[in-house]
Structures are given as C-alpha cells and as structure tokens.
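Enquirer: Respectively, the protein sequence lines represent chains A and B.
Convert by adding 60 to the 1-based position in the first sequence; the result is the number in the working numbering.
Convert by adding 60 to the 1-based position in the second sequence; the result is the number in the working numbering.
These are computed hints drawn from the structure, not numbers from a lab.
Mixed in with the good hints, there may be bad ones.
To be verified - Between beta-carbon pairs, the in silico distance windows are:
| no. | chain 1 | residue 1 | chain 2 | residue 2 | range |
| --- | --- | --- | --- | --- | --- |
| 1 | B | L69 | A | P118 | 35 to 45 Å |
| 2 | A | A82 | B | V139 | 37 to 47 Å |
| 3 | A | A215 | B | A142 | 19 to 29 Å |
| 4 | A | E202 | B | P92 | 33 to 43 Å |
| 5 | A | R238 | B | L90 | 46 to 56 Å |
Cβ atoms here follow ideal geometry from the backbone N, Cα and C, with glycine treated the same way.
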Amino acid sequence: MAHEEETATTENRLHGPFHDTARQHEADRLGMLVFLASEVMLFGGLLGGALAIRLLHPVDYGRAAAQLHLWLGGLNTAILLTSSLLVALAVEAVRSGQARLAAWQLRGAMLLGIAFLAVKGLEYTLEYRDGLVPGLAGAHLESLVHALFMNLYFAATGLHALHVIGGLALLGFAAASRLAQADRNAVVVGNIALYWHLVDVVWIFLYPTLYLARPS
Amino acid sequence: MTRATGRLLIVWAALMALLSLTIAATLLGLGPAAPFVSYGIALTKAGLILWFFMDLRKDRGTERLAGFSAFAWAAILFVFLAADYLTRSTFASS
Chain A
61 MAHEEETATT
71 ENRLHGPFHD
81 TARQHEADRL
91 GMLVFLASEV
101 MLFGGLLGGA
111 LAIRLLHPVD
121 YGRAAAQLHL
131 WLGGLNTAIL
141 LTSSLLVALA
151 VEAVRSGQAR
161 LAAWQLRGAM
171 LLGIAFLAVK
181 GLEYTLEYRD
191 GLVPGLAGAH
201 LESLVHALFM
211 NLYFAATGLH
221 ALHVIGGLAL
231 LGFAAASRLA
241 QADRNAVVVG
251 NIALYWHLVD
261 VVWIFLYPTL
271 YLARPS
Chain B
61 MTRATGRLLI
71 VWAALMALLS
81 LTIAATLLGL
91 GPAAPFVSYG
101 IALTKAGLIL
111 WFFMDLRKDR
121 GTERLAGFSA
131 FAWAAILFVF
141 LAADYLTRST
151 FASS
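All chains, please: the whole structure from these sequences, using the hints.
Expert: In structure tokens form, the structure reads like this:
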C-alpha cells in the first residue's frame, strides 16, 4: 500500500494494469499509433476515390485540378511543415526539462495552425467567387467529373480542416498544462505531437492529389 | 543547440526543399511521369516526418508496425483499385 502511494505522487503516475512506467508509456504510444492508423485508412478511402476518378477521367481530372490555387496550397504545406517542426522541438524541450520553451513552441505551432485555417478560408472564398462550389446557384462547373472533383476536394479538405481544429484544441491543452510540460517522458505532449504530425502527413498526400494533378 | 534540435532543423530544411522541388516539377511539366514524381516526393516527406518528427526511429517493432501498417493497407487498396480500372478495357475487348 505504501508503495502504491509513493508511486502515485511521482510525476509519472502508474495506472493499472501496468506494473512499470516504461511498459505504460509504450502502451500509451502504441494506442495513439493504432488510432492514427485508423485515421490514415479514413483518408485512404478518400484518396482511393480520387485515384478512381483520375484513372477513369485523366483529362477532366487534370483540368479540374488546374483551377485550384496551387500557391495557396503550397503556402499551407509550408505552414503545416513548420508547425510540425515546432511541435517536434516542443517534445524535445519537454524531455530536457525546458517547460517554458516548450509552451512557447506549442503556442507558435497553434498560431501556424490558425494561419493554415485562415489561408484555407481564403481559398474557399475564392472558390465560391469563381463558382466552383457544387450545388450552389452560382456554380458553373464544366462537367460531371469537375463537379465530382470539387465534391471530393471539399470533402477531403473539409475533413482535414476539422482535424486541424481538433489538433488545435489538443495543442492548446498541451500549451496550458504545466503538468504535461513537467513530465520528462513527454507522454501527453508526445502523443498530442503525434496527432499533429499525422494531420501534416495527411495534407502532404492531399496536396499532390488535388493541387499538383494539373496537366503538364 | 542540442544535437536533437539540430537534427530536427535539418529535417525541416529537407522537407521545405522537397516542397519546392514538387512545385517546380509540377510547373516544369513532366508529362506521364508527373504523378510518380509528386507521389514519390510526398512519400519521402511523409517518411521523414514519421521517422524523425514522430520518432518511429526510436520505437521498437510493435510501435513501428502500428505506425506503418495503415500505409501498407492503404497501398493494397490503391493497387487493387488501380488494377481494376486499368484492366477493364483489356478484359472487355477479349
């Protein structure tokens, strides 16, 4: 009993059914990775849909992709890659006991995440203005394939944006929690970082699928 | 600056260089090779993030398996999907 109380007061609390913290951390990380694998398969279905449309209608698919804003998508890729760097640096800072530095890096990553959403919002506005939103009265899409492509674009980027919003909430928690930043094993901050990196990885595949598929 | 920090900065620089390369490749126009180049670069970028940013290089077998398994399943999905669409005309004409 005395032993249990002693471990409960240390910064790395041990929970049942684990008998040592190393095993518990491994299980925490494995659980997060399995969850992220399910996310990869969710987006994999959307990318599979894009592949089918592209194989059946390569010319129309390319023409539709050419109407997206290549440079705004590229800017957003750079923003997400940089936010991923800040989150990875924050995990290193937590591990080396620099909690204040970690908090600032996490806040920096959040700012970049918000900047990503702002650019995405600007893109949606431009696409609305250009009449590229299927189903709206002002839409003037060239073909059925164009409409399919734009539906896929809004479904994939919209779902991704929801993940960015979720990631921002998690980063906000990590940036505010002194307890999470004091944990030298970086269990909570490390797992939140994994989620943010995966959001970045998903975008890395959405970018060539949607923006870079223009005819060359 | 610690070694770990330096390594992360180098990986970030490599990721930004790959982003510039993929945009340049798209604008230059590579014809039928274009999708292979852009997805090759995407896979390299994702690999760098998984290996260095997500720290899979430090993990043991089980975690690495969990990290990479979904990509393997997604690859199987894409191969079967492509095999179906790409061979439809072949079988229809015979």
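Enquirer: Hint by hint, note whether the structure agrees.
Expert: Hints, one by one, checked against the model:
{"no.": "1", "hint": "L69(B) <-> P118(A): 35 to 45 Å", "result": "holds (39 Å)"}
{"no.": "2", "hint": "A82(A) <-> V139(B): 37 to 47 Å", "result": "holds (38 Å)"}
{"no.": "3", "hint": "A215(A) <-> A142(B): 19 to 29 Å", "result": "holds (21 Å)"}
{"no.": "4", "hint": "E202(A) <-> P92(B): 33 to 43 Å", "result": "violated (23 Å)"}
{"no.": "5", "hint": "R238(A) <-> L90(B): 46 to 56 Å", "result": "holds (51 Å)"}
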